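Enquirer: Chain residues, written in single-letter form:
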Amino acid sequence: MSVLAAIRPDEWELPLFVHVLSALALTGALALAATYLFSAWRSGEAAALRLGLRSLLIGVIPSWIVLRGSSEWISDKQGFADLDSPPSWIDIGYMVTDMGLLFIIASGVLAWLAVRGTRDGGNSPGSVARAAAVLLGLLVVLNVVAIWAMTTKLV
Amino acid sequence: MYDALLFLHVVAAALMFVTVAVFSSYALGARVDGPTLAVARVSWGVGGLGTLLLGIWLAIDVEGYDPWDTWILIAIALWFVAYGASEAADRGGREALAGAGALAQQAVAAHWVRTALVLLLLADMIWKPWV
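Protein sequences appear in the order of chains A and B.
My numbering numbers the first residue of the first sequence as 2 and each following residue consecutively.
My numbering numbers the first residue of the second sequence as 3 and each following residue consecutively.
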């Protein structure tokens, strides 16, 4: 069975573009930060740890802010902001972004503590870096779940 | 079928953005290392092929779209040009890994060109010009 192509009002295009762009950018930045932190855990390299923390600060957090803001923008344009009970895919999106913020903060704190540990006592990043990396890896998976909800428009 | 195709198409696009993120970190001064370069190369390969094949499949599957629609032809053209730019960036990444660790200026330029093309691709997907 083929699906009919959907036509959107022109005024939705820009907020939707910003929203999708920030979601894809966030996924990319999360994967980058997680890779650096996993690498720091495996190799013990402080440089990888610092790059992981920097990726969080420069890539992940700004992407998250734009994603969250643009989700309100497109939701308002589409009329979902006024609904008492929006569709499930909207709720899933909000849950993932709001939970995601906690994961990002926790991961950032862990990465920062690991960086401090390498400076102060010369300790290797170790399990603290791994914990930060695991949190970000989980968040990548949650983002994929949100993408699934958004593309399938789960009711 | 449509939902699954669209979901996988968007996930493939997300993989392309993983590559953009990795090479952006190199372009901003991060040293090229094995794990991140491997992630970038695999992501670009899987994501690039995924977006192209799934995109064409969607164009055939969805009523009202055809693979020869202007916006789809634009997307395919942008995809091929982005792939050309990615070759130069990827080569630069491999050379940096083998050598000093910093991405050469030519590879940095190729990466930013690729990034701009990926952004144009996304814009084409959203605005669908001349549909």
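These are computed hints drawn from the structure, not numbers from a lab.
As the structure is a prediction and not an experimental result, all values here were calculated from the model.
Possibly wrong hints are sitting among the right ones.
Claimed, not checked - If you only want the chain B side, here are some residues facing chain A, beta carbon under 10 angstroms, derived:
(1) LEU17
(2) THR38
(3) GLY50
(4) GLN108
Beta carbons are placed, not taken as given, at the ideal position from N, Cα and C, and that holds for glycine.
Enquirer: Against this structure, judge whether each hint is valid.
Expert: Checked hints:
no.	hint	result
1	LEU17	9 angstroms, holds
2	THR38	5 angstroms, holds
3	GLY50	14 angstroms, violated
4	GLN108	22 angstroms, violated
Checked against the numbered hints given earlier, this structure breaks hints 3 and 4; the rest are met.
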